Structures are given as structure tokens and as C-alpha cells.
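Novice: The listed protein sequences derive, respectively, from chains A and B.
Per the working numbering, the first sequence starts with residue 1, numbered consecutively.
Per the working numbering, the second sequence starts with residue 312, numbered consecutively.
Keep in mind the hints are simulated off the structure, nothing from the lab.
Check each hint, because a few of them may be wrong.
As the list claims (entries may be wrong) - A few chain A residues facing chain B, derived, Cβ under 8 angstroms: (1) Val251; (2) Thr253; (3) Arg270.
Stated by the list, open to error - So the derived label-pair ranges between C-beta atoms look like this: (4) B:Lys552 with A:Arg220: 55 to 63 angstroms; (5) B:Ser564 with A:Met237: 30 to 38 angstroms; (6) B:Lys375 with A:Val290: 53 to 61 angstroms; (7) A:Phe42 with B:Ser564: 37 to 45 angstroms; (8) B:Lys476 with A:Phe119: 53 to 61 angstroms.
Please read these numbers as outputs of a predicted model, since none were measured by experiment.
C-beta: ideal position from N, C-alpha, C; glycine also.
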Amino acid sequence: MFAGSEIRPSSAPQATRFRTNKIRESDGLVVLAYLWPGLVGFTTFILVPLLGSLLISMFEWPLFGTPTFIGFANYQKMFSDPTFYTVLVNTVIFAFVYTALNLLLALAVSLWLNTKIKFSSFWRVIFFLPAITPVIANALVWRLLLNDNGIVNSVLSSGGITGPSWLSDASFALSTVIAMSVWQSFGYNVIVLSAGLGSIPQEILEASRMDGTNAWQRLRSVILPMISPSLFFTMTMTMIGAFQVFVQPQVLTQGGPGESTNTFVLYMYRNGFVFDRLGYASALAWILFVVVMLITALQFAGQRKWVNYDK
Amino acid sequence: MAGQSKSAKRRIGTGFVLAGVLTALAGCASGGSGSPANGSVSMYTWLSSQSDREQWEGFINLGKKVDPTLNVTIEGPSFTDYWTKVKTRLSGSNPPCLLTTQAARAQELGGLLMPLNDLIKKNKSDISAFDSSMLKGMTVDGTIRAIPYDAEPIVLYYNIDAFSKAGLKLPTTTYSREQFLSDAKKLTTGSHKAFGISSGFFLPNAWAIADGVEAVNNGKLDLTNPRLADQVQSYFDLVNKEGIAAAPNASDSTDAAQAAFTNGDVDMIISGPWMYGTFASKAKFQMGLTIVPSTSGAAHGMTAGSGFGIAKNCKDPEGAFKAIRAMTDTIVLKGQAVNRGIVPSRLEAQSAWAEGKPPGAAAVVQALLRNATAQLTVPAWNQVETLFTQYGVEGYRGDKTAKEVLATIQKSVGQ
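This is chain B alone, in the form it adopts within the complex (with noise of 0.2 angstroms):
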């Protein structure tokens, strides 16, 4: 009996360490959460690469020319994560104080960002020196969310030696869709294709908003517009009628689109002026700019940018504030669009991203602005872009129309 007990309790102790170790070991086996730095100002933004890192330092050390004591730690997932995580970022201990938004993601992070109003005014900030497009973007409910740092007009670039080539006109600041299709329709040739198209609702936003239809109307998502469907289908028809580019598949990534642009592919595709040092630094060919094409031909630009806010619960919003200052002052700025290529969104800083590229590009970037739109959303936005990158597939491939997706589109959204 003794030994039997004595054997029990040898096997309970056994029992017990083992599955403590284990269980510390599995313990060991997690990462444990970092703490911030102290006295300093933490940003939460994207980090997809180096290039981001490069970028958020680039602010920071030319932030410090226009204040010494600006200091700013940056941390964040990558782009594709940053908006979700942002949000339990948040909810988490060590909140961010700064953070940072796109305009078309003003809207969903409203309930993140702090009214900087009351901040401009009692800074005595000059908001009215930043692109109105761009402010008017990062504005939720009646207040500023965020400050700009860039106001990029979204432009249509085209592989000059192939227009050249066909013997095609060089389109600049003005360019109908009248002509864009005439030019399309002669350099498209057998299995290529003039344009590149990506799936997604970023694109034909800004063709529509190129005709002055939006999506959007008194914050109010405006999917069935007529306008508008009628807008969409123009682009739908692009593949469909007119032949002058491939129809996307849902997962296909702008980077496809791109990529194809700068391997000569496809001779022209939409995109932002941001893009214009990589597709000019892998281009083999001689690349131009013009507006992204209308009925009447004149510019109208789409504005797409990001910017600098405060979290809301922020301790230190006037710390936070100051630090936004230094990031977007106009020195900052000037020399972000020469390092980076970004187009600023102070005014008086907008002639630096001219800085190294044909004259003409800097014209039709300063012709878009003249008359620009942002691409105003709704906080329910990420829905619509899933559902259009679903459902614009079927618009592509003529299965259904522009009406017909949008309708679907508003109805899942309104659900």
C-alpha cells in the first residue's frame, strides 16, 4: 500500500512539473508586447517596406530643421494592415498619439481622429495655404481630421515612343475621351492592348469624378446615380465594346497593371503622380503625363493624398500638434516631393515636384489641381471597393452592367 501511495505521488509530481514546463514553455514560446519610447511623440502609421521607413524619417528629419526638439517614434503594420489595425491599436495600452490617413479613409477613421479645428485656430494655422481639395477630404462631420502632406491629382500616363510610333498626337493638359479611344483603338493591336486596368473602384472614380460625377453627394453614397452608372459603364465598355483593354481578374493587384504599363504591355494606364519615379525608373521607354480623359477634354482632377492626425484619445493633442506643424511645413514638404516625389499639398510648395521631370508633367499635375475633386467617401467605403472588386468582373466581361453592379453595390452597403 505504502509503495503503491509513494508511486501515486511520484506519478502527480511528475504529472505536475512536466505540464508546468511544458506550459512555461509554450508560455516562452509567444512574443511579449514592447513598450514605447518615453518622451517622445509616437506616429502610427503604415511600414510596408523600407521605402515607407525611409519616407516617415524624411518627414521627421526635415521636420527637425523647422523644430529642433520634434520627436517623433514610428511604428505600424504593413498598408494593407494598417487599417484594421489601427482601430485595436487603439483600444490597446500605449495608444499612438499620431497617426496617419489617406482621404478616402478620412471618413472610416473618423470616429479614430480627433476635430483638429479648435488646434488650427488656437496655433493661428494658415489651413487656407493646403489644397482646399485635399482639406476638404480630410474633413469628417464639418471638421478637419487630418493635415495634408501631398494632394495628388490622379493622371494618365502613356508610353510616348509607342504613341510616336502610331503616329498618334501627344496628348497634355487637355485630352478628350473622344480622341483618348481614337488613340487607344490605333495601338491596340492583335493580343495587346492599348490600356491597363486593375480591378478595384479607385480607377473609375476617378474617371467618372474626370466628368464631374461623383459617388458621394451631401456625404451620402450615391451609387445609383444614373450619372454615375453611366460613368462606370463607359469604363466597363473600355474592355467590353471598345476592345482597348483586358478585362481584370478580381485578385489582380495594381501592381499587375503597372507592371505590365512599364514593361510596354499596355501603352497607357491611370495612376498617381507618386508613381512617377518607379514607372520612370523601370520604363525603357520615354513615359508623358496628361489628364485623365473627359467629354469635353479639359482637366478635372481626383485628388488622392494622406495626412497627418491625432488620435482621440491622445493625451497630449497640443504636443501632437505641434509635431504635425514641423511635418507639413512648407520646407518639409518641398523637400519630400524632391527626395520622394510626392506632390505637396501646400500650394507654394507644389513647384518643387517639378524638380527633375519634363516640363510638361509639373503642367498637367498644376492644370489638374487648378480644378480638383478628393475622392470623397463614406465610412462604409472599404465595402464598396470589396464589392466593386467582386462585382466589376462581371462588368468587365459585359455579364452585367454598371447600373446593375452599382445597384447591388448601394443595396449590400445600405443593408
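Next comes chain A alone, as it looks inside the complex (with noise of 0.2 angstroms):
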């Protein structure tokens, strides 16, 4: 009795033991079975790439020809070339611009969309047109309305101004290209969050209602709240689209006047495909990758003291 009473408290959890890892071994595997080809596509196109392209960015790799090893050189040249820094101001610049405004106008929209207007479903597809139109095509459109002989200086000129040049005044170039890339993508994130404000509970906002909160208040203290995992969602992902920016300059104004417009994406592809450096290009783009990573990492740690997950 004593001894049988030693061995079942012992021999119940090696039983259960058994079984768990019996149960996680095969849950290993299926996971496995189902991450396999998504394992040699992230090993095929990302981290082979990846380091690929660090063992690149150590020589001077023509497209055809030669590489010669040279180190760091490429890292040493980029620190003391000056369009490295413009370009990399202009890519923050737009980064932040274009993220700040881009949500300010989805949220604004979804919070226009979520009221009871007529049509919802109609304007949040008008919204949206122009995110799964190709970026070249509204970019095309764009510098047609915005040449200095353009729709949008006609018009300005009938009502007596003389519009600017949008895109050759360098006062105006980032600005217009700011503005191009908003307009062309805000709709994605407009689904997003009417997405996000849709799920709020109607009861918390009736409660607030009854609690005598104005719109103001609601918005600020339930609304944003629960709507903060969407909203870093968003803030994230378009961050990271922002710094990858490169269809708008080059086809808007070449990443002029002077460099006003250029971008690091910009300069990195003229850089490989245009002036034949591939080892410049690449050293390039490992800068822009641990800038991104960066700053998503900072957005990560700062999602603590703002995003509310709870329900």
C-alpha cells in the first residue's frame, strides 16, 4: 500500500509527461510539414539574399565583369558622401510626414465612414481605388494635373493665382510627392481602421454616451484606445512602405530639383542599376535595412506605453 502509494503520485506525471511530448512531437512535425516551404522561400528569397548581398556590399561588383574585393571601402565611401545624408533626411522626412498625415486622413475618413452616412460601402471603395491602382499609373496622372502647365495651375489661374511649379520649385517638389503618395495610399489603411472601429463594442460607446461624454472625449479616451492595436498596425507597416518609397520621385521628378526629392531607395537603384555599382547598392540597402529595423524596433517598444490589447 505504501509503496504502491510511492509509485502512482511518481508515475502519473511521467505518464502525462509521456503522452505531452508524445503529442508535441507530432504537433512538431505537422507545424514543420506546413512551415517547410515557407521555410526555403524565406531561406531561398530573404536570407540568402540577405547575405548575399552583405557579401556584395564588400566589393566593387560591376553587372558584368569582375568584383574585386575591397572590404569596408563602400561603407567608407558612403560615410563621406553627401548625397548619402541628403537622401537619407529626405527618406526620414517623408518617412514621418507621409506616416503622420497619411493616418491623420485614414483615421479621420474611418471615423467620417463609421457614422451613419449613406453609402459607406461606395465611398470606402472610392477610397480605396486608389491603393490597388499601380503606383506608376496615379504617379503618371499626378504629374500630368501638377506640371506647370498643368490642370491643377489652369484652374488656379482662372481664380487669378499663379500656382507654383510643383514639381521643379524645390520649395514644393517633397511636399507634392508627400502629398501623391498619401492620396495613393491612405485607402488601405481607411479599411483597416474602420476595420478596427468597427469591432468596438457598441455597449462601451452607449455607456460612454450615457456617462456624458462628448465626441471629443470619446474619441480620445474609448475610441483611439480601442482602436490602438490597428492603429500600430498601420503606423508600422506604412512606416516601413515609407522608407522603401521609390515609384513617386522617380516618376514625378527624377529626385529632383538638385536632390530634393531623392530618396534612399531611389539612389540605391540608380546606384546599382543605373551606375552600374552593385557593391555601393548593396552597402546601401544593408543601411537602410538596420534604419528600418530601427525604427520598427522602437515603434515595438513604444507600443507598450500606448497599445491596448485588452478587450
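Using the hints, build the complex out of the two chains.
Specialist: What follows is the structure, encoded as C-alpha cells:
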């Protein structure tokens, strides 16, 4: 009896552990079975190119011809290249202003669509249309609109206003690129934020109304905290996308006037595929990777203070 | 236990099968690589449109009259993509043997193109029959890298109707800058500008060469040359000081300025003779041709043109050179001059370009070719063009001087 009672407590957990281990092993295989294509894809298309570009960044590597190993010379050159700092600053300005405007506009439109307006689905589609249209097509249309003799300046001139040179004046060019980019992409965030707003329980909003809150108080103290996960998602993704901006400056301004709208990815692309310096372009790509990673890490660190996952 | 194990196995199996199917589908979605035709010389070139294809087929079909065994297959991307893709294409499998290049890009593609001097000597080809400026343009490190098929001196097109209406004398084989400015100011009325300008360095370069000033000296980029700065400044001044042209945006392609000319929105434009047929078919006015204005008024042409070269890793350079000889024969170039409107690089074929054009036009081209300079470049010319497109906008607007713009570009390229 005593011996039996000694055995029972120790054998029961062992059996449970055995069963748990068996389940975990088979679960692991199932997980692996489903993951292997993704892992193969990740390794082939992300990890290997990432390491490959790190290797290429240590070479003077033309598109055709023999590469020459130069160690960290590309990185040294980069830090003494004034254009590198210019495009970095341009990209940071673009990313922060574009993300802020994008989220503000998307939030405003989402709140409006969430009121009891007529044809809200129709408006949602209208706002989403630019996001599903190719960026290059949108940029070409904007270029026609904003040319010195384009429709915008023609309209302004009919009102007695001499419109500026939106694409060639350094004071306006970056703002124009930002405006076009916001118009192009805020529709996506409208969809995400609308979904977030739609998931707020009506009882909570009703309760806050009964407590006598006004619209601003409800937005600040109820709605924004409730959609903070959606806001965090849109902010992170928009910021990452913003650092990769390429088509808009390429089509609208070619990076000009001067370097006023030249962005990191545009400069990287030109170095790699126009100026035939794959090594230098890879070094630029690595710096961009580090910058984007740092900013994303900061966003994740900061989210603890304002993102509310409680339901 | 047994049931659980079976279920787990089934899940694992389903997982692998599903994942495999999805991967296979994903694989099917991507395109496969084609294999080149055998027994022929493959040519990699720009193929932006059906018109480009017809041009290359014209060379091949006419070349068959010279050499019935000529068998050239063509492949390639758009003109814009060509300059990047040609480098990667040669690094890949089954690289093509024949390449095309512009004289302005010969330095950039120098590393891809085989020196042809030995083949020229071995085959006793008479290269003195070709336009010397174009041969100079195709020379890299002292060796010829491509045989030119055209030699197109940059010209100034003008609207004869507009000139006549304004009571202006029609310019012919001489045209001074003073006269050009005087004419342009009379043609500029209100928002209507006389002269069309597009971004990029090609046209300011032709403007400078018309006065005998070059951007490349002894194979080195010489943008800080004060004479070049003066020339480019005088070109910027056409917008900012003289007011005879509208400032281009950096992203404005040459098409925009060309469309403005054929629509009658501007009265003059600088372009190549290869555009004659296109302009003539679109313009609803009588079109004239003159030289790019120079200070003295005398003709000094900047030649642009393209040619056939052989890839450095070509396994049959003899066969490729044989094909080039056939495609640059006098008969072929004459035919292409008539059919496609190219100005042939062979001197004895150049008269063919005059067919179907007013006598004045041919005289202008001949005058320019008599005193022509190729658009000489450096390997980093792409960077020069790109930076000038970006910075030139500030020059046209008067925000920066030509000296500042050119010094910035020289410094950037030198880094």
C-alpha cells in the first residue's frame, strides 16, 4: 500500500509527460510540414539574398565583369558621400510626414465612414481605389495634373492665382511627392481602421454616451484606445513602406530639383542599375535595412505605452 | 493512443502534400527560361516597339541580299532597360554574340564589347568608308568596339509657316545664335514660346559642341571647363533670361517637347534627323531644318548614332563580324536610309537619306557632317545624364548657375 502509494504519484506525471511529449513531437512535425515551403522560400528569397548582398557590399561589383574585394571601402565611401546624408534626411522627412498625414487622414475618413452616412460602402471603395491602382499610373496622372501648365495651375490661374512649379521648385517638390503618396495609399489604412472601429462593442460607446461624454472625449478616451492595435499596425506598416518609397519620386521629379526629392531606395536603385555599382548599392541597402529595423524596433518598444490589447 | 497517432500521421501527411502542391503551383507560376535558336548569330538589342523590330529585321533582310547565309536572331528589352539588362544578359547562360550600342554609350559598354581592330584588319574591311566622327565615338581605349550603321548630326527643326507668318528669313546651312535669339523673340508671344526644351544633357551638349566646346577632353570628364559652363549657361538663359522657352520639369521626357513642336505649341526644337519622318507625319505645318545655332553661324554638328558590336564572350567572333559586315554594307544602309530614315554611317550611302526630303534638309545634314564631332562620353556618362536631369531644372529656373550645376555633377561623378 505504501509502496503503491509511492509509485502512483510519481508514475502518473510520468505518463502525462510521456503523452505530452508524444503530442508535442507530432505537433512539431505537423508544424514543420506546413512551414517547410515557407521556410524554403524565406531562406531562398530572403535569408540567402540578404547574406549575398552583405557579401556583395564588400566588393566593387559591376553588373558585368570581375568583382574586386574591397572590404569595408563601400561603407567608408558612403559615410563620406554627401548625397547619402541628403537622401537619408529626405527619406526620414518623407517617412515621418507621410506616415503622420496618412494616419490622420485615414483615421478621419474611417471615423466619418463609421457614422451613419449613406453609401458608406461606396465611399469605402472610392477611397480604396487609388491603393489598388498601380502607383506608376497614379504618379503619371499626378505629373500631368501638376505640370507647370497642368490642370491644377490652369484652375488656379482661372482664379487669378499663379500656381507654383509643383515639381520643379525645391520648396514644393517634396511636399508634392508626399501629397501624391498619401493620396495613393491612405485608402488601405481606411479599411484597416474601419475594421478596428467596427469591432468596438456598441455597449461601450453607449455607456460612455450615458456617462455624458462628448465626441472628442469619446474619441480620446474610448475609441482611440480601443483601436490602438489597428493604429499600431497601420503605423508600423506605413512607416516601413515609406522608407521604401521609389516610384513616386522617380516618376514625378526624377529625384530633383537637385537632390530635393531623391530618396534612399531611388539612390540605391540608381547606384546598382544605372551607375553600375552593385557593391555600393548593397552597402546602401544594408544601411537602410538597419535603419528600418531600428525604427520598427523603437515602434514595438514604444507600443507598450499606448497600445491596448484588452478587450 | 493508436487513434491519436493515426490522426497525427494523417495531419502530417496532409501538411506535406498540401505544402508540396502549393510549392509546385508557385513554381508553375514563375516563367521558365527559353533556349536560343541554334545555327544562327544571336543579337541582343533594344526592342521597345514593333518599329524597332522592323528596323532590325530591315538590316537582316537587306543583309541577306549581300550574304544569303546571314542568319541573325534578335532578342532584347525596351530601349530604357537595354543598358542595364545587356550587362546581366551577358553574365547569364547562352550569351548573345552581337550587341548594339549608341556612340554615347560605347564607353559605358566598353567592358562588354570586343575590340574589332584585329577582325577589321584580318577581313580587310575599309573603315575609312565610314563617318570618322562616329568611328571616334565607337572607339574605347584606342580600339573600335562597334561598326556604326548611322551618323546622325543633331539639327534644329523649325516651323516654316510660323517663320513666314512672322516675316522671318528661313535659316539654312548657317544660323548664328544672335539671329536665332532675334527670331525666337519675335516668335514668342504671351504664353507661346518659340523654343522647346527637354531635360537631360544631350541637347545642351549639342549646343556646346555647335560652338566647338566638348564635355569630355582626352577621355576625361571636363564639366568644370569654364567654356563649357558658359555654353550651358547660355542654354539655361534661353529660359530664364531670354524667355524664349519654358523650363522643363526633371521628369519631362523628350517626347513632351517633341509633341509640343508637332502640335505647333513651340516653333523650334533640337533633335536628330532620325525624327524627320515622325515629325513630318505628325506636323500639320511645313517643316524646315537648320543647324544647331553657333556663335559664328557656321555648322558644327554633334553626331549621334548606333552600331553593331561583338560581345567579349562571343564564341564565334568571325561569324559575328561577317554578320556585321553584311548588315553595314552600302546596299543595306542605303535601303535603311530610304525605308527607316536613318542617316547612313557610310559616306557613299548618305545621299540616300535625301530621298523624299526637301533639298535644304539634305544640305543641312551634309554641312553638319562635314564638320562633325561625336558625342564623346566617359564610362560614368549615365550618372552625368541622371544628375544633369536632376540639377538642370534648377539651372533653367535660375536657382543655380551652370557653373554650380556642372561643378556639383563633376564632384559627384568623381567620388
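Novice: Against this structure, judge whether each hint is valid.
Specialist: We went through each hint and held it up to the structure:
Among the interface hints, the one on Val251 of chain A holds; its C-beta lies about 6 angstroms from the nearest C-beta in chain B, closer than the 8 angstroms criterion. This hint holds: Thr253 of chain A has a C-beta 5 angstroms from the nearest C-beta of chain B, less than the 8 angstroms allowed. With a least beta-carbon distance of about 6 angstroms to chain B, the hint placing Arg270 of chain A at the interface is held under the 8 angstroms criterion. In this structure the supplied range 55 to 63 angstroms holds for Lys552 of chain B paired with Arg220 of chain A, their Cβ-Cβ distance being about 57 angstroms.
Checked against the hint of 30 to 38 angstroms, the C-beta distance between Ser564 of chain B and Met237 of chain A comes to roughly 33 angstroms, which is consistent with it. Between Lys375 of chain B and Val290 of chain A the beta carbons are some 58 angstroms apart, a value that agrees with the proposed interval 53 to 61 angstroms. One distance hint, 37 to 45 angstroms for the beta-carbon pair Phe42 of chain A and Ser564 of chain B, holds here, with the actual separation near 40 angstroms. At roughly 55 angstroms, the beta carbons of Lys476 of chain B and Phe119 of chain A sit within the given window of 53 to 61 angstroms.
When each numbered hint is compared with the structure, no violation occurs for any of them.
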